[in-house]
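Visitor: These protein sequences, in sequence, are chains D and S. One point on numbering: in the working numbering, the residue at position 192 of the first sequence is 366, and numbering is uninterrupted. One point on numbering: in the working numbering, the residue at position 42 of the second sequence is 135, and numbering is uninterrupted.
Please note: incorrect hints may appear among the correct ones.
What the hints assert, rightly or not - Restraint ranges, calculated between C-beta atoms of paired labels, are given here:
| no. | chain 1 | residue 1 | chain 2 | residue 2 | range |
| --- | --- | --- | --- | --- | --- |
| 1 | D | G328 | S | E381 | 41 to 49 Å |
| 2 | S | V230 | D | D217 | 27 to 35 Å |
| 3 | S | G403 | D | G307 | 34 to 42 Å |
| 4 | S | R406 | D | K261 | 48 to 56 Å |
| 5 | S | E381 | D | Q515 | 23 to 31 Å |
| 6 | D | T222 | S | V246 | 49 to 57 Å |
Since the hints were made in silico from the structure, they are not lab data. Just so you know, even glycine gets a beta-carbon here, dropped at the ideal spot from N, CA and C.
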Amino acid sequence: MRRVAGMVVLGLALGGLALAQSSLLINGAGATFPYPIYSKWFDEYHKTNGAQINYQSVGSGAGIKQVTEGNVDFGASDGPMNDEQIKAYRSKNGSGILHFPTVLGAVVPTYNIPGVSVTLNFTPEALSGIFLGRISKWNDPAITGANKGVSLPGNDIVVIHRSDGSGTTYIWTDYLSKVSGDWKDKVSKGTSVSWPVGLGGKGNEGVTGLIKQTPNSIGYVELIYAAQNKILYGTVKNAAGSFVKADLASVTEAAASAVKTMPDDFRVSITNAPGKNAYPISSFTWLLIPEKFKDSAKRDALKGFLKWAITDGQNNVENLSYAKLPKEVVDKELKAIGKVQ
Amino acid sequence: MATSTINVPNAGPVSGSRSFLAKLRNGDEIARVVTFLFAATVVLIVVLLVYQLWAGSALPRHKFGLSFFISKVWDPIGEEFGALPFIYGTVVTSAVALILAVPLGIGAAIFLAELAPQKISDPLQFFIDLLAAVPSVIYGVLGVFIVIPLMRVWIAPALKATLGFLPLFQGPAYGVGFLTAGIVLAIMIVPYIISVSREVLLSVPRDQREAALALGATRWESTWKVVVPFARTGIMGSIFLALARALGETMAVTMVIGNTPSISASLLAPGYSIAAVIANEFTEATTETYTQAFIELGLVLFLLTFILNGLARLLMMLTASRGSGTGRA
Numbered sequence: 175m176r177r178v179a180g181m182v183v184l185g186l187a188l189g190g191l192a193l194a195q196s197s198l199l200i201n202g203a204g205a206t207f208p209y210p211i212y213s214k215w216f217d218e219y220h221k222t223n224g225a226q227i228n229y230q231s232v233g234s235g236a237g238i239k240q241v242t243e244g245n246v247d248f249g250a251s252d253g254p255m256n257d258e259q260i261k262a263y264r265s266k267n268g269s270g271i272l273h274f275p276t277v278l279g280a281v282v283p284t285y286n287i288p289g290v291s292v293t294l295n296f297t298p299e300a301l302s303g304i305f306l307g308r309i310s311k312w313n314d315p316a317i318t319g320a321n322k323g324v325s326l327p328g329n330d331i332v333v334i335h336r337s338d339g340s341g342t343t344y345i346w347t348d349y350l351s352k353v354s355g356d357w358k359d360k361v362s363k364g365t366s367v368s369w370p371v372g373l374g375g376k377g378n379e380g381v382t383g384l385i386k387q388t389p390n391s392i393g394y395v396e397l398i399y400a401a402q403n404k405i406l407y408g409t410v411k412n413a414a415g416s417f418v419k420a421d422l423a424s425v426t427e428a429a430a431s432a433v434k435t436m437p438d439d440f441r442v443s444i445t446n447a448p449g450k451n452a453y454p455i456s457s458f459t460w461l462l463i464p465e466k467f468k469d470s471a472k473r474d475a476l477k478g479f480l481k482w483a484i485t486d487g488q489n490n491v492e493n494l495s496y497a498k499l500p501k502e503v504v505d506k507e508l509k510a511i512g513k514v515q
Numbered sequence: 094m095a096t097s098t099i100n101v102p103n104a105g106p107v108s109g110s111r112s113f114l115a116k117l118r119n120g121d122e123i124a125r126v127v128t129f130l131f132a133a134t135v136v137l138i139v140v141l142l143v144y145q146l147w148a149g150s151a152l153p154r155h156k157f158g159l160s161f162f163i164s165k166v167w168d169p170i171g172e173e174f175g176a177l178p179f180i181y182g183t184v185v186t187s188a189v190a191l192i193l194a195v196p197l198g199i200g201a202a203i204f205l206a207e208l209a210p211q212k213i214s215d216p217l218q219f220f221i222d223l224l225a226a227v228p229s230v231i232y233g234v235l236g237v238f239i240v241i242p243l244m245r246v247w248i249a250p251a252l253k254a255t256l257g258f259l260p261l262f263q264g265p266a267y268g269v270g271f272l273t274a275g276i277v278l279a280i281m282i283v284p285y286i287i288s289v290s291r292e293v294l295l296s297v298p299r300d301q302r303e304a305a306l307a308l309g310a311t312r313w314e315s316t317w318k319v320v321v322p323f324a325r326t327g328i329m330g331s332i333f334l335a336l337a338r339a340l341g342e343t344m345a346v347t348m349v350i351g352n353t354p355s356i357s358a359s360l361l362a363p364g365y366s367i368a369a370v371i372a373n374e375f376t377e378a379t380t381e382t383y384t385q386a387f388i389e390l391g392l393v394l395f396l397l398t399f400i401l402n403g404l405a406r407l408l409m410m411l412t413a414s415r416g417s418g419t420g421r422a
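Put together the whole structure using the sequences plus the hints.
Guide: As structure tokens, then:
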């Protein structure tokens with residue numbers, strides 16, 4: 175009896191093993207921001223193609239590390255790899271790594287001022303002054319000047335930022351570095367920076383929680399998070415001089431207006447984009463695909479996925495509140511996919 | 094006369110030093126060897142842990158040396174790392190937690206062990222054990238939704254109105270900060286102190302209590318002057334346990350401490366702790382020095398725990414009185 179049971183178990187195990195090996199399994203890791211749309215895409219692609227793509231949303235930094243070490247087949251990041259990281263990848267793996275933008279995201283300023291329930295307008299000077307700690311009261315002229323008709327109290331501003339390393343912080347600090355020379359010198363941009371002032375909250379939830387609890391506070395969260403949780407957020411003055419509220423259209427326009435100066439490797443920051451209605455604090459999120467693949471089945475599956483994602487896949491992104499890639503960027507990318515060998 | 098020599102064979106070694114292999118046949122020896130291996134494994138794990146912490150933090154150790162312990166700067170972009178704000182935050186929040194939790198915990202333990210009837214004591218103990226089992230993230234959520242508003246609206250203004258002249262309670266009250274983290278930690282560690290202290294108090298022999306009562310002590314005097322000192326060692330053990338949990342607590346602290354690497358005399362100011370910064374920034378650390386700085390912080394926390402435990406044991410040894418149970422540390 176026991177012999178028979180043992181054989182059955184062995185048979186099932188071997189069968190399971192055989193089944194697992196029959197479909198192609200590709201592993202990726204990286205940014206948390208695009209995780210919802212990536213899981214939806216991988217699921218849809220698996221139904222039509224059969225390749226199983228497994229994604230771990232461990233964070234952009236971890237994603238870059240994992241793909242450099244070769245533990246995963248591709249990575250994903252909210253911030254492009256810098257030259258050092260690309261060199262490290264090349265020296266470890268012998269060939270380069272390519273960046274492919276997949277969707278767009280944006281970061282919005284949110285606030286909690288007792289008595290104020292309207293949308294406030296923020297200029298780049300106001301935002302950088304507040305986050306540098308130079309502007310300390312809500313009724314400072316830099317803020318009231320853009321918000322005529324709103325009575326702002328003379329209370330101290332409490333700044334809230336992210337305590338964990340994040341792509342959202344990278345986009346926010348990248349924007350501030352572009353609009354404020356002081357910010358660039360004192361703080362610069364990164365997923366974690368040395369904030370001059372403010373309290374830290376963990377994750378978008380932590381920042382939102384702190385803002386809700388703390389009167390007279392201001393912070394920054396992802397657009398999708400703000401939209402889904404119906405959080406009050408302000409407009410930002412863009413490079414063309416108009417106050418733009420972040421939404422899917424203004425974010426896509428930011429990418430479209432930046433395409434003329436886009437480098438071929440797509441490693442570009444599109445904050446403070448020139449378009450008339452472009453939202454200035456927008457960004458791509460990228461898939462990091464190695465230039466050379468040893469496994470041709472994996473390579474073809476990934477290339478197929480990428481082609482699908484930037485064309486047909488873009489039809490479901492807006493349901494999840496991501497902004498789609500503009501046509502010009504898609505065309506450029508389709509050409510670049512050929513570089514993956 | 095013929096002398097006969099009798100060859101007396103060499104007496105073998107005295108029993109107790111039979112050969113190892115022969116002794117193994119005896120179950121006792123096997124038990125001794127196996128349990129020794131278990132104990133040695135634990136020691137080995139600790140040694141390996143310390144070795145890994147040391148080896149994995151080579152870059153920042155060479156770059157910063159001892160200035161890592163006294164530098165206040167934490168700049169991931171400029172790659173300047175200093176542990177002082179985190180050490181300060183860890184020590185301050187644990188100190189506040191102990192100051193709040195120890196009297197509360199020992200008082201409750203004394204009540205449960207000595208003064209309460211059995212019918213109350215057992216159900217209460219059940220609830221206390223439940224409290225100890227709650228995951229720390231729940232305490233963090235409790236902290237965010239209950240303690241922070243309480244602190245901002247009631248506790249901080251009250252403290253500032255009465256004790257505002259002290260540098261401990263100055264500055265704006267955001268709701269988050271060292272005091273809030275200390276309060277949340279105190280709530281978390283109280284069950285440990287109560288459980289262990291209660292057990293130790295219950296195990297004090299009846300003769301001690303009866304002797305005190307026979308000499309004319311009141312109920313309270315016999316409890317406070319005889320029973321509790323007798324159980325001192327165990328009670329201090331429970332405090333070490335609580336301290337260890339407070340030093341290493343991560344999620345609950347990061348949700349209520351404000352996550353600002355700064356040192357401030359005021360308990361109402363936001364701060365940071367070692368465990369909180371590791372939890373927040375480790376996974377996104379971009380450069381090798383940055384990543385290894387966290388490993389060095391882990392080493393610092395290990396050292397801190399070691400030193401605090403050592404100091405506490407020294408304190409116990411120095412104040413060992415004749416009346417206490419074993420008198421040993």
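Visitor: None of the hints should be skipped; say for each whether it holds.
Guide: A quick look at each hint next to the structure:
1. Separation of D/G328 from S/E381 is about 47 Å and conforms to the stated range, judged on CB atoms against 41 to 49 Å.
2. At about 29 Å, the CB distance of S/V230 to D/D217 agrees with the hint of 27 to 35 Å.
3. For the pair S/G403 and D/G307, the beta carbons lie near 41 Å from each other, so the given range of 34 to 42 Å is met.
4. Between S/R406 and D/K261 the CB atoms are about 51 Å apart, so this pair conforms to the stated range of 48 to 56 Å.
5. Separated by about 29 Å at the C-beta atoms, S/E381 and D/Q515 satisfy the suggested range of 23 to 31 Å.
6. Checked against the hint of 49 to 57 Å, the pair D/T222 and S/V246 passes, with Cβ atoms roughly 56 Å apart.
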